[in-house]
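Produce the complete structure using the sequences and hints provided.
Mapping to UniProt numbering: the sequence shown position 97 is 97, numbers consecutive.
For the record, the hints were derived by calculation from the structure and aren't laboratory data.
Bear in mind the structure is a predicted one, so any value in this text is a computation, not a measurement.
We put the beta carbon where it would ideally sit given N, CA and C, even for glycine.
Errors might be hidden in some of the hints.
Simulated restraints on C-beta separations [as the list claims (entries may be wrong)]:
no.	residue 1	residue 2	range
1	93	40	17 to 25 Å
2	89	17	12 to 20 Å
3	55	25	24 to 32 Å
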Amino acid sequence: MQYDKVSVIFPKICLFVVVVVVVEVVAVEVVVVILVVIHVVESFVVVVVVVVVVVVVVVVVVVVVVVVVVVVNLHVLVSLGVVVVVVVVVEVKEKKTNLK
Numbered sequence: 001m002q003y004d005k006v007s008v009i010f011p012k013i014c015l016f017v018v019v020v021v022v023v024e025v026v027a028v029e030v031v032v033v034i035l036v037v038i039h040v041v042e043s044f045v046v047v048v049v050v051v052v053v054v055v056v057v058v059v060v061v062v063v064v065v066v067v068v069v070v071v072v073n074l075h076v077l078v079s080l081g082v083v084v085v086v087v088v089v090v091e092v093k094e095k096k097t098n099l100k
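What follows is the structure, given as structure tokens:
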């Protein structure tokens, strides 16, 4: 049984897009929660704990994205990942501005 390229690649692209969107939403929400906690509590211990949690979350997100890119093995999706990172940064800056 032979598959054409579209039927093989399209599901992988869909999977990657779903993973990237979920990762983006989670990343933005985590950063917003951290900003709110730091703004409200302003305790050094809490800030240190929050920073450690952020580092762990970022490492997990990067590992997930790298694994998905390796599994999908498409160079085009790497550029999609860069776009998502830019979108996350812009959204975080907007939400941070709204908090002030």
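How the hints compare with the structure:
no.	hint	result
1	93 with 40: 17 to 25 Å	20 Å, holds
2	89 with 17: 12 to 20 Å	19 Å, holds
3	55 with 25: 24 to 32 Å	19 Å, violated
The structure fails hint 3 only (numbered hints given earlier).
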